[in-house]
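Colleague: Using the hints, put the two standalone chains together into the complex.
Listed below are the residues making up each chain.
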Amino acid sequence: MVPFADAVVMLWLASRVSVPTPASTTTSEAPLHTFVIQKPPAERTAEGDAIARLARNEAPQPARAASRLSGIAGVGYVQHADWGAELLAAGSIKGLDVQFTGLATYGSQGARLDNGTLTAGDPDRGWRADAGDLYSDLRGPVRGVRVSWLINDRWQPGLSLDGPRAGSLDRRMLLVYRDRLRLGPVSLDGEVSADGSSFVRMRYTAGQRFDVESSYRRATSPVPGRDAGIQVGLRVWRNLSLSAGVLRSERPGDRSEWRTVAVHVPIYRNFGLTLERTFTTTNRSTDVLWAAMVDVHAGSFVFFHRYQWGQAEFFQPGLGTVSRDQLQSMASYAMGRRVNVTLQMASQWGAAGLTQNWLEVQTDVRVTRKTSLQIATPLPGAYDADRIRVRLDQGLPGRFSLFAEYGRPSAYQGLADGAEQPRFRLMLRRSWSVATPSRGGQVRGLVLDYTGRPVAGARVRLGPYSADSDTTGAYVFTHVPRGEHDLSLDPNLLPADYAWDGRVRPVSVTASTRATMDLMVAPLNAIHGRVYADRNANGRYDAGEGVAGAVLALAERVTATGADGAYDFYNVLPGAHEVRLDAARLPALYEISGLASRTIELKDDRPVTGADFVVVAKSKTIIWREIK
Amino acid sequence: MWTPMLPTRSLAWLGLMALSLAPSSQTPRPTSFSATLTSIKVTARPGQVITRQFQLTMDRDQARTHFRARVEDWWRSEDGKQSFYREPGTLRHSCAQWASVNPVESAVGGGDTLTVRITVALPVELAPGGYWCALTVDEVPDPLAPGGGVGVRFVASVSTGIFLYVDPVERHATILGLRVDGDRAVVRVRNDGNAPLGIEGRIQFFVPGSSAPAAVVDLARATLLTEPSLEGDLGVALPPAAVLPSGRYLVRAILDIGAANDIGAERELVVTRSGPANGPVR
Chain R
35 MVPFADAVVM LWLASRVSVP TPASTTTSEA PLHTFVIQKP PAERTAEGDA IARLARNEAP
95 QPARAASRLS GIAGVGYVQH ADWGAELLAA GSIKGLDVQF TGLATYGSQG ARLDNGTLTA
155 GDPDRGWRAD AGDLYSDLRG PVRGVRVSWL INDRWQPGLS LDGPRAGSLD RRMLLVYRDR
215 LRLGPVSLDG EVSADGSSFV RMRYTAGQRF DVESSYRRAT SPVPGRDAGI QVGLRVWRNL
275 SLSAGVLRSE RPGDRSEWRT VAVHVPIYRN FGLTLERTFT TTNRSTDVLW AAMVDVHAGS
335 FVFFHRYQWG QAEFFQPGLG TVSRDQLQSM ASYAMGRRVN VTLQMASQWG AAGLTQNWLE
395 VQTDVRVTRK TSLQIATPLP GAYDADRIRV RLDQGLPGRF SLFAEYGRPS AYQGLADGAE
455 QPRFRLMLRR SWSVATPSRG GQVRGLVLDY TGRPVAGARV RLGPYSADSD TTGAYVFTHV
515 PRGEHDLSLD PNLLPADYAW DGRVRPVSVT ASTRATMDLM VAPLNAIHGR VYADRNANGR
575 YDAGEGVAGA VLALAERVTA TGADGAYDFY NVLPGAHEVR LDAARLPALY EISGLASRTI
635 ELKDDRPVTG ADFVVVAKSK TIIWREIK
Chain H
5 MWTPMLPTRS LAWLGLMALS LAPSSQTPRP TSFSATLTSI KVTARPGQVI TRQFQLTMDR
65 DQARTHFRAR VEDWWRSEDG KQSFYREPGT LRHSCAQWAS VNPVESAVGG GDTLTVRITV
125 ALPVELAPGG YWCALTVDEV PDPLAPGGGV GVRFVASVST GIFLYVDPVE RHATILGLRV
185 DGDRAVVRVR NDGNAPLGIE GRIQFFVPGS SAPAAVVDLA RATLLTEPSL EGDLGVALPP
245 AAVLPSGRYL VRAILDIGAA NDIGAERELV VTRSGPANGP VR
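Heads up: the protein sequence lines correspond to chains R and H, in order. Start counting the first sequence at 35; every next residue gets the next number (the working numbering). Start counting the second sequence at 5; every next residue gets the next number (the working numbering).
Partial pick of chain R residues on the chain H-facing surface, computed with a CB cut under 10 Å:
| id | residue |
| --- | --- |
| 1 | Ala64 |
| 2 | Phe69 |
| 3 | Gln72 |
| 4 | Lys73 |
| 5 | Ala490 |
| 6 | Ala492 |
| 7 | Asp524 |
| 8 | Ala530 |
| 9 | Val585 |
| 10 | Asp602 |
Honestly, the hints are just simulated from the structure, not real lab data. This one's a predicted model, so the numbers in the text were calculated from it and none came from an experiment. In this text, a Cβ means the ideal position worked out from N, Cα and C, and glycines have one as well.
Okay, chain H solo, but in the shape it has when bound (with noise of 0.2 Å):
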């Protein structure tokens, strides 16, 4: 199994399943590493030329390996639940077009690490604000491997996120809704700055005309980018009905979004609740 080292706050998923040609007679055991996970985040000058390390360290138990290194264009959709990866230059703020690794292609025997260096050269000219690229590490097929057949294979791919900040960077975003989908409560937000926000947060449900609430959920760490959209949901499972059964709530949401000040918002809804659930409950 894959296992990330720091699987949280990090831009980072598995599970490319792709069909290769591979020997019929038997399935490949799925590759398994861990590796950094922790996004590259650098406050940078114009001009400046930045080198940081990735690493994978390969299970003990692993065949070699063959890993192919690359810069890409990423994104999600504004509901957070997909990513897409496009060729560098895609975005107006890419960083992919001004990033070189060594080594693009290595292999890595079991319990060896491969160390990727990142270096990103900023041009001279460059406006103020985040930038974002991916830094992506993708299983290869290896070509002195026989081949023949037809068969399932699982490759793997890691991706880390790079976030350059020139400054002055701006720290802005607005609360534009909040609603109860179903079982999910969902915080849609704009961001106003020139840079991605790392956004935190939780989310209160106040019986009316009470002061303390009656739960508390706790927003998952998500990014919200400038491009190509401003805005993203935020959602999060509601807590069991025995916490919070059906009825009027005055449901209030503040969010950390690295700024000196939180944001929030409040408005009365109804929750309406068909089923168990499981949220995180404070």
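Pulled out of the complex, with its shape left as it was, chain R reads as follows (with noise of 0.2 Å):
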């Protein structure tokens, strides 16, 4: 027997069927095997799946029962340090937005969480929690847990309880009320803290013209101070535009003041020019300082240029005016897709000639889809161990990646034998995304025609989602995120015998939300008829009376007679019609007798039968006239 070719598991079936041969060219006795062949699992995809496939194209679109969560958790190891584990997530749960970073590490000074910050709040609600690393714009980052309430889409009061963050001087337990109301182009931000201290902030913006931020900081302790400033900004024409600012701070035993303003000139399509002028004032010196930034995009190519001169003049007796230069450069450009290469300058003189001089290159190579690198490294000394700089981050299957990096990593413990050595860093991450319960609103109704009948089979749609109404015409929508939807029917998917109104009707949503809404669909009928002429004046059709051909109308629809000289106009508003035979169209044999309109009752529940017209043959008198 000759092997199969393409079969994975034959199967012989006992079958051998004889059939008998047609008469052809060709004749056989030899009898015929037929068998089975078991299809690889993946080829399975004929008629079957094609019509699956066909299905869920074609099937609804209902919200989804599930919300997700989504982050990446990682295991790292620094050289001489510590150990440290890392968790990002963000996603929904329950309705609630969740957002947490968080990196735990273990070493020197024990078990410990660096830094993270857990946020959940409920839009629908309006309520939003934050515990763990916070700021304050009282006293900076504060390590705490806050509380805060939309009242309306304009005030959003709050309460924390904010602490000291590890290594903070400042180790009291304060208690702040925080406040935001929004007015229109006007927004308010404020803190009062139980020691009473406040801060107090406003901030006006006009479209993109013009913006102006002022605030005013009192602190009463652990030091004493307050701090009040204004910054405007003004776009003049297109990119030419204008800033000035004012801050002034007192401490005991030392004030300042600073102001600057400056103006950007855009000089040709992307390229400009921003000229800067600050003056700084303390109780110990006076500081004048030009500035003069050169801004160039390129396509790939990026180049920033600041130049700032200026001189600080001392109160203090002998060290008089110190003059100073410093310039800054950074150029970037993008080699494709996979390299770019960044160089960054810093210089400075002093009285004394070059004071500073930095030069940087950094290069960021997209190896693979999986595999990038960056290297960032000194000029002159690209090979100084002391500062060079190293990451690699390497994709691995299983949704794993390998993060590898060499220089001065940050947010981690001290190390034992100083924290600006160059180390080595090594983590393990791995993305995930899992499935959550979700929350959202139920709007559900019923699809009816006028005389309330329902209506089975119409697709509903709400927004991105649909649903198909069931024999009883019920529809429901369940777990719909909160938003602005709209609720209609799909002209498209819409049982044939049905009009609907395109009458769309917004709906808001929120968890909470239960809605019932019922949408109106018209019943469509049809009117039948004939025109037929009534030989026999019986007064009524019989068979071989039809006229073919007659052309009737409704309203902008025309349709003719067939042979039998029936006629039928389907899908029909329910209501009155009137239903016009052509008298210029009928057969030449033919004129009408009677009516050539006739206005037709179209009910909601049933077609319209034997909407009739007569025609008669035309008489036409003989004229017998003797040939000769």
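Modeller: Here you go:
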């Protein structure tokens, strides 16, 4: 027997069917052997799978009953220091927006949470809670717990319990009231803490042309002081803009005032020039600085250059006046989509000449789709082990990735042998995503026709979601995310016997929405009739009396009678309709007897039959003439 | 010319030529359009209401044309060469009597698209298996066109198959025969399941004793219904005589009937070549 070249498993069935050979140019008495070939799973995609695929494409798209929480988890090692574990997560659980970032370490100072923030918010109910590393406008970085409520779209008060972060000198735990108010283009933020310190900030934005921000801060402890400032930006024409600012600070024994004004002038397309003057006065010195900045964006090439010069006059006798010049340059060039090179340079001159010179080249290379490499090296001295930084990110199978770094990483516990030493760090990371229970609104209702009868199989759409009405006309959307959605019927998938007026209904959905909204459609029906010549004058149609080719009109619709004189208008809305028989297009042998039009009252629930028109054969006088 | 969008795997055809009254001075150009020709295949539940669309787009240079849509019963002859259309309900497994269309009659201008909604409302009491019918869109004479005279008029007609599958669907078939008729190889198949089968396959010709086929020809996709006949012939032209000369061959047919398993049959046959043939050869 010949082996099968393309069969994986062959199962012989015991059937050996003899088939009579039909009359042909060949004859054969050889028996017919039949068999079954089991397909590999990948090949089981013919008829059944094609239908299933079509069904999936044409199936309604309900809102997802599950949300997702996604993120990255990693375990790392730092040379000479400690182990660390990091976790980043963002997503939704039961309608709550959740975010978490955290880094825990174990090292010379034992186990501790180096940094971390957990945020949970309910966008439907308007509250939000933050815990961990927070930022206070009064005290800067703090570690604590914060709760706020969005009373309406404009007002969001909140309470915080702020404590110190690791290493902070201010070890107090304070209760802080925070408030945020939006009044059109004006927004106000404020904080008042239990020790009497306060902060207020006002922002005003007039489109993209004008903005102003002012703030006032008063601290009572641990160091009393006051800050007040205002900053104004004005876009004069296209990218020509002006900005100015004043900031005044007072501390015991220390007072300073900083004033600046700048103008940005677009020179040509992606080439701009900024001129800036800054005047700083403290109780020890007066500092005047001029700066000129040039920025160029030309395709994959970006160039930024800042040169500033000025002098500082010290009030303390003997120090006098010191002038200084500083140049900062940055050039970046992207070589295709895989390589980007950035050159950064900073030079500073004083009275004694060059006082500082710093040059670094950073190269980012996307080696493969899963491998990226970053090297930052000083020039000269590209191989200086104290200054070089190398970072490698390698994607691995199974959503794992390996992150390796040499240089001066941050966010880990201090090194026993010096925090500034370069070190090697290795992290194994894995991205993950898990399904979480979702929460959402519910919109349900019925699809009905004008008579109240349910309409089954209508495709109802609610924003991006869809559902089909069942045999009772009922539809339901559950787990609908918060937002404004349009409720409508899909006119392309509305059963053929109905028409919809296309009226879309807006629905505002929140997690607590339980809305019931019915949708109405108009039932369509048909008008049937005949055009006939009542030859036997019995007042009704009889076989053979139909008139073919008669033209009838219903509004803009036109049809013609068939061979038996019958006509039909299908898919007609309920109501009164005028059906007209076109006298001008009647076959030449006939003329209308009676009315040329009829008003038909079409009910909601049944077609009209017998909308007939009667015509008569034209009678012509016969004139006999004798032929001579 | 009539241009199918998806000419394969579809139940579609054109070319009803009809004699009708038309101006005798000239013969009008045939109507040209493109249409959705993919069969509508749905797995449905008893009591379900399903709506799908059929689209027909007139070519830009076409005059306004009238069309009339209808749903009717459909089947093919056992040799697959002829199609038959009858009133809804002629077949026991017809879905035509449950169908409605909108619009039934419509006029379409050049470049415009006619979209016909077809809705099938399945009865609540329905036995498992396959049900089918055809949506046919016929060109009909414009009622407002001037008449008079006698001429030849070509009118277009396009049909699309509608197949409904109610679970559990059984896809089984038996190969009853394998023969060579002149320059054609023919496989006779019986549908043993409860639903129409879309059948594809190939026929291999082996020189006895050889493991590699001397020639392979593909069978065009065909549909085998469950009534009025369970049986049908799937035929294909033989390869050229240079590839498959006269002689005795082990002929093997392998058919994909859309089930988990393919079915096959083989027998020795004598092939006698009388002239050149042009079947596709792999």
